[in-house]
Every structure is written in C-alpha cells, then in structure tokens.
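The lines below spell out each chain.
Protein chains: 2
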Amino acid sequence: MKNGRQRARIADVAKLAKVSPATVSRYINKSGFVARATGERVKKAIDKLDFVPDLAAGSLTSRRTRLVAVLTPRLAGSFFNTFVEELVLALTDAGYTAITYFIEIDDKQMESSIQTALARRADAFVLTGPVPEGIKKRLGTEGVTVIESWNIPDEPIDIAIGMDNTALGAELAEFVHTRGYRRPLLIDAAGKRPGLRQLAFAERWKELAETEPTFLKVDRPRFIHARAQFRALRDMDPRPDVVLCGSDGLAQGIAIEAMHAGLAIPDQLAVIGFGDSEIAANMRPSLTTVSIKAEEIGRAVVEVLQKRLDQEEIAENKIDVGYSILARESA
Amino acid sequence: MKNGRQRARIADVAKLAKVSPATVSRYINKSGFVARATGERVKKAIDKLDFVPDLAAGSLTSRRTRLVAVLTPRLAGSFFNTFVEELVLALTDAGYTAITYFIEIDDKQMESSIQTALARRADAFVLTGPVPEGIKKRLGTEGVTVIESWNIPDEPIDIAIGMDNTALGAELAEFVHTRGYRRPLLIDAAGKRPGLRQLAFAERWKELAETEPTFLKVDRPRFIHARAQFRALRDMDPRPDVVLCGSDGLAQGIAIEAMHAGLAIPDQLAVIGFGDSEIAANMRPSLTTVSIKAEEIGRAVVEVLQKRLDQEEIAENKIDVGYSILARESA
DNA sequence: CTGAAAGCGCTTACAG
DNA sequence: CTGAAAGCGCTTACAG
Chain A
1394 MKNGRQRARI ADVAKLAKVS PATVSRYINK SGFVARATGE RVKKAIDKLD FVPDLAAGSL
1454 TSRRTRLVAV LTPRLAGSFF NTFVEELVLA LTDAGYTAIT YFIEIDDKQM ESSIQTALAR
1514 RADAFVLTGP VPEGIKKRLG TEGVTVIESW NIPDEPIDIA IGMDNTALGA ELAEFVHTRG
1574 YRRPLLIDAA GKRPGLRQLA FAERWKELAE TEPTFLKVDR PRFIHARAQF RALRDMDPRP
1634 DVVLCGSDGL AQGIAIEAMH AGLAIPDQLA VIGFGDSEIA ANMRPSLTTV SIKAEEIGRA
1694 VVEVLQKRLD QEEIAENKID VGYSILARES A
Chain B
1394 MKNGRQRARI ADVAKLAKVS PATVSRYINK SGFVARATGE RVKKAIDKLD FVPDLAAGSL
1454 TSRRTRLVAV LTPRLAGSFF NTFVEELVLA LTDAGYTAIT YFIEIDDKQM ESSIQTALAR
1514 RADAFVLTGP VPEGIKKRLG TEGVTVIESW NIPDEPIDIA IGMDNTALGA ELAEFVHTRG
1574 YRRPLLIDAA GKRPGLRQLA FAERWKELAE TEPTFLKVDR PRFIHARAQF RALRDMDPRP
1634 DVVLCGSDGL AQGIAIEAMH AGLAIPDQLA VIGFGDSEIA ANMRPSLTTV SIKAEEIGRA
1694 VVEVLQKRLD QEEIAENKID VGYSILARES A
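Heads up: the sequence lines are chains A and B, in that order.
Per this note's numbering, residue 1394 is the first one in the first sequence, and the count goes up by one each step.
Per this note's numbering, residue 1394 is the first one in the second sequence, and the count goes up by one each step.
Where hints are given, some of them may not hold.
Same chains, same names: a pair is fine if it fits in one copy or spans any two.
With a Cα cut of at most 27 Å, we get these calculated DSSO-like pairs of lysine-lysine [unchecked claim]: (1) K1441 with K1530; (2) K1501 with K1423; (3) K1529 with K1436; (4) K1501 with K1599; (5) K1530 with K1437; (6) K1686 with K1610; (7) K1530 with K1501; (8) K1711 with K1610; (9) K1441 with K1529; (10) K1530 with K1711; (11) K1441 with K1501; (12) K1529 with K1501; (13) K1700 with K1530; (14) K1436 with K1700; (15) K1610 with K1530; (16) K1437 with K1501; (17) K1711 with K1599; (18) K1711 with K1423; (19) K1436 with K1599; (20) K1711 with K1436; (21) K1436 with K1501; (22) K1529 with K1437.
None of these hints come from the bench; they were simulated from the model.
Given these sequences and hints, build the entire structure.
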C-alpha cells in the first residue's frame, strides 16, 4: 500500500451496516434472502466504504472463480484477433474474467499456459488449436470445462464449438470448380486444422476435376509472406488460376502482388481469403472469402459456461455455428 | 468435479513427503531454506500427486496476485493488437498472468473493467488511453501499480511508459514540410492521445508553412472507413497532397482507394500511416509510417513490475521508449 | 533448516 | 430473514 489506508473488508461493511458478514455476502451475491431494509443498509455501507469484495477469497470457499483461460495462437492480423476480442467482450459482459495466453505452435508453451491457468483455478478453458494428447488427458481429469473452438473434433474432450472444416473444404472445392477454375493452389499453415480443410478439398477436387490441387505449406498465412509466396506461385508451371489463402491478410497481399505484377484479378488470377476480416469487403477488388462467425462462437461459449455454472445439462457436446462462402469480386 | 478425484492440496504433499506444509510452501516459492534432501522428497511428492498450488489461496496471505490487468481500446486491426500480444507474452514469460479487457472509448466500460480487476486484486494495471479523472483518483488510492502506456502525460498517476506524442506531432510536420508537401490532411480518431499529436503538428506546421493543416476526425482510424474518407478527401478544394492517417490500416485503405481512382502515390497523393504494422513494409507502394515500439513497451512494463515486486525504487516515473518515422515509398 | 499456529477474506451449511 | 461457526488452501512470522 502506498498510503496507510486499508481496503475495506466484508467485516467492515457488516459492522457499519449492523449485520453479519454472511448477510453482506448474501446481499452482494444475491444468494439467499435479504430483507429490503437490511439490503439498503448494506448497500449504503458498501458505498460508504468503497467496498470491492475479494473475488479470490470468495472462490476459495465457493470453488468457482469465474475465470476463463483463453488460449489462442499468436497470429497478429489474422481472424483470431477478432475472435479473441469478441470472446473476451462476451465473457466480460457475462461477468467472467478472461485470462489470455498467446501461444506459438508449440506444445510446451501450451502446457505451461495451461499449468498457470490451472493454478489460478480457472473454471473453464477455451482452446483453439488441435490439442496434444498429453494436455487432453490432463484437462480431462481436472474436472474443468474445456471448450474446443473452431474445429469440431470427432471426440471433443468436453465441448466443441466451431465449424466443420471437412465440410468446408469440400464445399470450397465445389465453389471453385463451379466457377470454372481448374488449377487451384492452396496456401495455408502446416497445422492440423487447415490440414482437414485441405484434405477434404483435395478429395472432392479429385472427384470433380480428376486432377490434384497444388499445396503450398507456410509457417503462417500472413500478409508479410505474400511477396515470397506470390513469387513461388508465379513461377509454377502451369501457373495456378485460383489461389485459396489461409487468411484474408495473405489473400490481400497476394492480390496486391498480383496487381503489381500486372495480373488482372480474377481473370488472370483469382484469389480467395479466409476469415472475412474487415479487409475483405473493402479491398479493391473486394475479396471472396469464408466467413467464420467469431461473434457467434463467443456467444455460444458464454452460453455453455452459463449452463455449467447453473449445473444444467448440456444437450449437445458439438455446437456447429457454421460458415459461409462469400462470393465477391476476387474469385 | 466430473469425477470423484480431488485435487491435491499442500497438506497432501506435506504428508506424503513427511514434512510440514510450511516446508512445501518454502520449497515451491523458493522462500527460505530447504535442505536439499528434504526438497527432493517434496519434489517427488508434488510430481506423484500432480500438485498445482492454488495461487489465489496463496495470494490471500501474501497480498500479491501476480495478476496484471491490461486495458486496451477495441481496435481490431490496429497496432494495439500487436501491443497486447507483446505485452501478454512478456508478462506470461515473467510469471504474471494477464487479464485483458477490451474497451470502447467509453468511461463507463473502463470503470467496470477496473472494478472487476480490483475485485481480483490485480497487482498492476496497464492502461492505454487517457484516463478519466474519476478513475485516476480511484486507482491512486488503491495502492496498486498503475502503468500508463503509449502517451506520457505530464503527471503520471504512477508510472508512464510510452512516447511523446507532442514531439512526434512536431517532427511529423517537419518531415512532411521538408519533403515538399504543402496541403496536409490529418485523419485520426477524435481522442485525446491523437489530439496531442495533431495539436503539435498544427502548431509546428503554422510556423513552417504559415498555413493551417486540415483535419478529419473519425470514429476510429480503420481500413473499413477508407472509402468514405477517401471520397471526402477527393472532394476537398484544394485537394490535400499528403494524408497522415491514424493507423496503417487506414493508410493502406486510402492508398488502395487512391490507386483505384487513378491517383499516383506519392506524386498525386502521399500517404503516411501509423504503427508500422506488418502491412506497412509490404504494401505496394510500401507505406511511410511511424514505428511505435510495442515490444519495448512490453519489456519496460515487465521491468517496472519486477522492480515493484522486489520493492526496488523506480528511478524515473516517465520512461520514453521513443518512436521513429520510417520513410518508405508512399510519402 | 523445520514445524505449529494463526490468519488472509470470503462463503456455506446449519440453526433458529 | 439472519447470525455464529467452520473452513476453503495457502503463507507468514515466530520459535526452536
């Protein structure tokens, strides 16, 4: 403390309001009945003392922290930014506190993040990536709520909220084929999640076109990599006529590079993004992309947490918020 | 708990290792001496039981939570994204846990975020925007570490880490004038922080060019607003020859719109961004912008927290990490 | 180098 | 509708 003033405790409030600490607790948490007049005295005392209850102390008894650990890959400029923002906002609105971790694609870092979140006794974990086996087992035995977001795995640890990357991959193949493109190139991170999409794309594509799509695996699908990747693309023989990018940022970068090299979009090269970030609709040309409903996932996460808190049964352990392919000018 | 298994407590570890809880605590926190052999027994017991100490319970006595509240404006796609990432990473590495809040430019939301962070007994607050008077007073009396980041105010509540927006504004005026531009337009949010820059720009500009710069105040300096703002710019008479944008995203958008309208950059319209995001260096044309050193701020924040924890005196309550104007192709 | 005891600030049955 | 008591899981002097 910089100054001598102590923080007020619940006992101080109780004394001032001439009630017991238990009553103050009940009033604050709206648990149990408090007579109207009593409540008013308590309220007055709280205001007078600027009392802010210590949530951690309370959690010790109640076994609920309302702390939610959010683990997202560190992907500045990707749709995960929007996702984290929406999620944190939804959590905050609902009275939860989000503790955020940004992780590289690195199991060790994920493990240590989860470790500290467990030490904080987080009520729930929101994960985004594919979860390594060891961590899966660990979380499974801890009795916490685990929400896997984005991709819906066959067997969720607990609850999965997201979309079906396999269905999307196939649908993208159809979309591209229907629009008459014949030499697709897919640029995406080498992870497991995009992998599902790519696999499904490849499979459906082979059925439709009887050829193989080309893949370019990258570290991360980011704007900064567009130059190098456009160069690689341009030198391919035959040259792709449509490129499906792992993010809108990358798609925008590819488009900029293509135009700079004198290629007309979409006639000489079509470009498809991922994420429907604010870039997509307002780019020139506007970007055809996939919308992934970050807000809806955020809302669904909060709903699930709410139900868990209320001890309600959760009917479905897989919640599919869907996606949509948005056809714009670039493809 | 989903299954009957209970989490191990420090008492369980103590019993298994045949020591007292106090010794386990000392071993874990490296506070006080523990004989090597004893320590090894403790370690074995911890591993055996998968013991994760409850940090909240510990904080109750130790009065330190190692929780840091980070409040940033909600500005998807701006340099604040990078800032939050860098800061959270630095904090996590140093053993702190970050609780993040995204706030609109809205005092009420800021207040409620601070309220919940106080309820969590956060050791420190990292704020980004200008702080309303009421909140300033509130935090001042709480005895927590308060770090104001980005702008360095004349009288920090506690500690300020960032840069001198006033100096930057003046330097930008000089930069623009030296390069021969004569009709600058500044597009930025209507907040207090950009306001300082703009004021200083205007002042210096009047000295240099003996004319007034033009201002366009916007809700937020984002990519999506570029179309509308470019239209406004294009219709101005006389038309600006250089536009200074509040973010790289907006600058990129303006550049795209300008090129789409057939204007050559920088000859017919020069564009300057803010933030040196990954977009800037890789845009075509590459964007002249201001680098704001997010990583350094993150590091400095952690250093300050470390010193506070160790009860060290902090020599300077204003830490200037500087900035730099990066001249590229667009201006 | 180690332990017994007290206490951090709440919430939760239990009793009335 | 309200209170007294116990206890959540740690850490911190204090004593040895």
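Tested hints:
1. Proximity of K1441 and K1530 under a CA criterion of 27 Å is satisfied inter-copy only: 16 Å between copies versus 49 Å inside one chain copy.
2. In this assembly of identical chains, K1501 and K1423 lie within 27 Å of each other by CA distance solely across copies; the values are 23 Å between and 42 Å within a copy.
3. When the C-alpha separation of K1529 and K1436 is checked against a cutoff of 27 Å, the pair qualifies only between copies, where the shortest distance is 24 Å, while the shortest distance within a copy is 45 Å.
4. For a Cα distance limit of 27 Å, the shortest separation of K1501 from K1599 qualifies neither inside one copy, at 37 Å, nor across copies, at 56 Å.
5. When the C-alpha separation of K1530 and K1437 is checked against a cutoff of 27 Å, the pair qualifies only between copies, where the shortest distance is 21 Å, while the shortest distance within a copy is 49 Å.
6. For the homomeric pair K1686 and K1610, the shortest alpha-carbon distance inside one copy (25 Å) is at most 27 Å, but the shortest distance between copies (30 Å) is not.
7. In this assembly of identical chains, K1530 and K1501 lie within 27 Å of each other by CA distance solely inside one copy; the values are 15 Å within and 42 Å between copies.
8. Proximity of K1711 to K1610 under the C-alpha cut-off of 27 Å is found in neither arrangement, the shortest distances being 29 Å within a copy and 45 Å between copies.
9. For the identical chains of this complex, K1441 and K1529 are inter-copy neighbours only, at 19 Å across copies versus 48 Å inside a copy, given an alpha-carbon limit of 27 Å.
10. With identical chains, the CA atoms of K1530 and K1711 are at most 27 Å apart within one copy only, with a shortest distance of 19 Å there and 47 Å across copies.
11. Within a single copy, K1441 and K1501 get their C-alpha atoms only as close as 48 Å, which misses the 27 Å cut-off; across copies the closest is 20 Å, which meets it.
12. Taking the closest pair of Cα atoms, K1529 and K1501 come within 27 Å of each other only inside a single copy of the chain (13 Å); across copies the shortest separation is 40 Å, beyond that limit.
13. In the homo-oligomer, the alpha carbons of K1700 and K1530 lie at most 27 Å apart inside one protomer (23 Å), although the nearest pairing across protomers, at 38 Å, exceeds that limit.
14. Taking CA atoms no more than 27 Å apart as the test, K1436 paired with K1700 passes in neither setting, with 29 Å inside one copy and 38 Å between copies.
15. In this assembly of identical chains, the alpha carbons of K1610 and K1530 never lie at most 27 Å apart, being 29 Å within a copy and 53 Å across copies at closest.
16. Taking CA atoms no more than 27 Å apart as the test, K1437 paired with K1501 passes between copies only; the shortest distance there is 21 Å, against 50 Å inside one copy.
17. Taking CA atoms no more than 27 Å apart as the test, K1711 paired with K1599 passes in neither setting, with 29 Å inside one copy and 62 Å between copies.
18. In this assembly of identical chains, K1711 and K1423 lie within 27 Å of each other by CA distance neither inside one copy nor across copies; the values are 33 Å within and 44 Å between.
19. When the C-alpha separation of K1436 and K1599 is checked against a cutoff of 27 Å, the pair qualifies neither within a copy, at 69 Å, nor between copies, at 55 Å.
20. Within a single copy, K1711 and K1436 get their C-alpha atoms no closer than 43 Å, and across copies no closer than 39 Å, so neither meets the 27 Å cut-off.
21. Taking the shortest Cα distances, K1436 and K1501 sit within 27 Å of each other only across copies (20 Å), while inside one copy they are farther apart (47 Å).
22. Taking CA atoms no more than 27 Å apart as the test, K1529 paired with K1437 passes between copies only; the shortest distance there is 23 Å, against 48 Å inside one copy.
In this structure, the earlier hints numbered 4, 8, 14, 15, 17, 18, 19 and 20 are contradicted, and the remaining ones agree with it.
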